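Trainee: For the protein sequence lines, the chains are P and U, in the order given.
Going left to right, the first sequence walks through residues 95 to 667 as the working numbering numbers them.
Going left to right, the second sequence walks through residues 443 to 659 as the working numbering numbers them.
Hints are computed from structural coordinates only; laboratory data are not their basis.
Quantities reported herein were computed from a predicted structural model and do not represent experimental measurements.
Check before you lean on any hint, since a few could be wrong.
Only some residues are given here: those of chain P computed to face chain U with a beta carbon under 10 angstroms [what the hints assert, rightly or not]: (1) Leu279; (2) Arg283; (3) Asp416; (4) Val440; (5) Asn521; (6) Gln609; (7) Leu618; (8) Leu621; (9) Lys622; (10) Pro627; (11) Ala645; (12) Arg664; (13) Thr666.
Derived coverage of chain U by chain P (criterion: at least 3 residues anywhere in the stretch with Cβ under 8 angstroms from a Cβ of chain P; other residues may be distant) [to be verified]: (14) 475-481; (15) 597-608; (16) 613-623.
Ideal Cβ placement from N, Cα and C applies to all residues, glycine included.
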Amino acid sequence: MSRKSFRFVSRWPLSFGSAAPLIGLLLAGLVNGAELPSIDGKIETGIKEYTELSRERPVDKSVTSLDPHKDKSTTDHSKLKELQGPFKSGPEVTKACLGCHNKAGDQFIHNKHWTWSYTNPKTGQHLGKSVLVNNFCTNARGNTGMCAQCHAGYGMKDYDSYDFNNQENIDCLVCHDSTGKYYKLPPTRGNKACAVLFEGQPPIDFTASAQSVTLPGRNNCGACHFFGGGGDNVKHGDLSSALFHPSRDVDVHMSEDGENFACVVCHVGEGHEWAGSRYNMLAKDEKGTGKPGGMPRQTATCESCHGNTPHPNNLMGVKLNDHTDRVACETCHIPAMARGGVATKVDWDWRTAGRTRNGEGYREEGYIQGNGEARHTYKSIKGSFKYAENLKPIYRWFNGTVRYTEVTDHFDPGKPVEINHLEGSPNDPDSRIWPFKRMHTWQPYDKGNNTLVYMHLWGDDEDAFWGNYDFARAIKRGMAEAKLPYSGEYGFVETYSYWPQNHMVAPKEQALQCQECHAKNGRLADLKGFYMPGRDSNKWLDIGGILLVLATLGGVLLHGLIRILSSRSRRTH
Amino acid sequence: MAIHEVKIFNGFERFWHWTQAALIFILLFSGTGVHGFHHLLDFEQLVWTHVIAAIGLMVLWVFAIFWHLTTGNWRHYMPTTNGLFRVARYYAWDIFKGEDHPYRKHFWRKHNPLQAISYLGLKVFLFPLLWLSGLAHLSYGLWQNGPLTNSTLEWVALVHTGAAFVMAAFIIIHIYLLTTGHSFIDHLKPMITGFDEVDLDPEEEAYLRKDEPWRIK
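So that you can see chain P by itself, here it is in the shape it has in the complex (with noise of 0.2 angstroms):
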């Protein structure tokens, strides 16, 4: 553990100093009534966040078309002598590379790794990360200073003075690099108690990057998207660390033992724009394989390539297929998420996030995961966390509609608030039953107006939560920023969020059983609304069937009684 990591004591005036983690400690104790966390795990102080995200990653050779000629590529990047630096900066590569790739950074500077913005075409709602509020870590809305890590973009310090028209900002590398060794840090430092964040890091060898670009593999969108949420699948429950080199049993298209896709085979796309965002599901895809010979469509369903009828032509293959339309792909391939060894997070509270030890922020670790590794579950910048591995999905009926609460929303803390609610109906015919990861969080709100609100994590300066833990002047400032109304008041709100599992698919052999759903108490025992042999049936016509057949048991045997006992009677006369 670093011994470098910040004081508050030392950095503020003493007054706040000391009265901030006490005023952290109390607003736990008064929420949660004053637990404080078990200490059977290893705690360690300081901030130390989001390294997983710039260290060296295992670089695949995985197969990025089905192009039989995939291999046959025109151009050697490493002979180009556009291409032979030597490069200083992120920016010169991007510049060497337009002076080709003459319309990439256009159509680059469209897309959503860019905008970090999307308008939902279904819905009229305004997404991407510039804009929402999730159930994580909440907001990159004025804390893109360190989000930004994963913006596929150069300095992007913060969100409204960044200009998105500048094509040299535009990050090639990070998807496009095949050396395994190409990082990106938080565009801005933070507080200084995230100091260790920047430390011991390798100078990037921007020429040796350029030269090796390639089609995206596992690596370079695993970077991000496989720690979405502050860690190791953290987020999405069925994107983590396990997919650089998944065995067969984990995910069957990306292992190398099976398919050895990467994510942009069936991410499939052209012109920098691709298939497959969460923000815009297909949830039922009728046209297949769109034949004749329309493979690889430019969307990213399971349908795409295995067609709608994709079981074989027997009995139960018939059986099988017959449930396509009702049932997503996923529901029955994807027996449990978080599989191959790592965890994903199921619960976070935010209310004991701000406890300190000797004045200072720390973390604990709580849970071995099954690949060995010990995660956190307590970060005082954060708050607790439950991991769960090998977990059965929640199932609803979903027709790719997605409805987000967004930040200017008002609801009822009464109850939980849905971060994003699903759309679909058993009476919808686009419905079709899916599996997801539930996140639950216990998060800051704003109590006068109920809104959920925008948190200022990330900074150096006196707000910042993640250094001052103060959730009061955190939000203060983050709603101010983003010109927000903010009563002034916060409490916690319950929340739920959505994650459909479309990755981790297993291998046949592992699919699900018919009586995983039809059972009383199977799987799908929470979906009301619709008939399920196995699982339904009518109480009264079953008691009546039950007496019914007791009755004429009892009858016959009454009379066979009689029977017996009338002719004893006329024996013995």
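We have chain P already, so just place chain U on it with the hints.
Mentor: Just chain U now, kept in the frame of chain P:
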């Protein structure tokens, strides 16, 4: 009129009866399992057992219906009130007084009036109800997106389940009635050997003796 040992259940009829009996037991076992009353097999195994047994039974029925129509055996099941009351009174009362069954099998009337009307009900009402609801359930994938939807499936399932309960009750009574009369074996034997005691008039006897001597002992 005289009682003779006459072969009234030929080979096909006995094969039909016993195969049907076996299949109905398999269907009751697998059906109650699918319904969730027991878990002696997986849902998948239960469903396929049920489906294959049902298809087998329907094939058998195609042959049986053909046989009924072409051989004229359907006549045994024509309902009649003639003697119905006496048979009913026998089972409700006279049987306890040790009296003999009022009905004698005739060559073209091998079921007593109560039997005939019961079997007729079974064949024209209960079985078709089971077949039709079962086929509708089995073919759900073909009609679920039409005007009929999932809520219709629930009704199909209710009808099928309800009819199955009635079927179970029928079997209990059917087996119990074998114990009436002389003995269980006496009632069972005709469906094994084909021979039962039949009241023949002289013309019938003469006909059998001359033209079908193997049918009369």
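Trainee: Would you check whether Arg283(P) satisfies its interface hint, that is, whether its CB is within less than 10 angstroms of any CB in chain U?
Mentor: 58 angstroms, violated
Trainee: Take the shortest C-beta to C-beta distance between Asp416(P) and chain U; is it under 10 angstroms?
Mentor: 4 angstroms, holds
Trainee: Does the interface hint hold: is Pro627(P) within less than 10 angstroms of chain U, judged Cβ to Cβ?
Mentor: Constraint on Pro627(P) satisfied, holds at 7 angstroms.
Trainee: Under the criterion of a CB-CB separation shorter than 10 angstroms, is Val440(P) in contact with chain U as hinted?
Mentor: 29 angstroms, violated
Trainee: Does the CB of Leu279(P) sit less than 10 angstroms away from some CB of chain U?
Mentor: Nearest chain U Cβ about 53 angstroms off; hint violated.
Trainee: Counting residues of the region 597-608 of chain U whose CB is closer than 8 angstroms to a CB in chain P, do you get three or more?
Mentor: As far as the region 597-608 of chain U goes, the hint holds, because 7 residues have Cβ atoms under 8 angstroms from chain P.
Trainee: Would you check whether Thr666(P) satisfies its interface hint, that is, whether its CB is within less than 10 angstroms of any CB in chain U?
Mentor: 13 angstroms, violated
Trainee: Hint check: is the beta carbon of Ala645(P) less than 10 angstroms from a beta carbon of chain U?
Mentor: 8 angstroms, holds
Trainee: May I ask you to test the interface hint for Gln609(P) with respect to chain U, counting a Cβ-Cβ separation under 10 angstroms as satisfied?
Mentor: 4 angstroms, holds
Trainee: Holds or violated: the hint that Asn521(P) contacts chain U, with Cβ atoms closer than 10 angstroms.
Mentor: 8 angstroms, holds
Trainee: Per the coverage rule (Cβ-Cβ under 8 angstroms, at least three residues), is the region 475-481 of chain U covered by chain P?
Mentor: Answer holds; 3 residues pass the 8 angstroms Cβ test.
Trainee: Are three or more residues of the region 613-623 of chain U within 8 angstroms, CB to CB, of chain P?
Mentor: holds (count 5)
Hints 1, 2, 4, 7, 8, 9 and 13, counting from the list given before, are not met by this structure.
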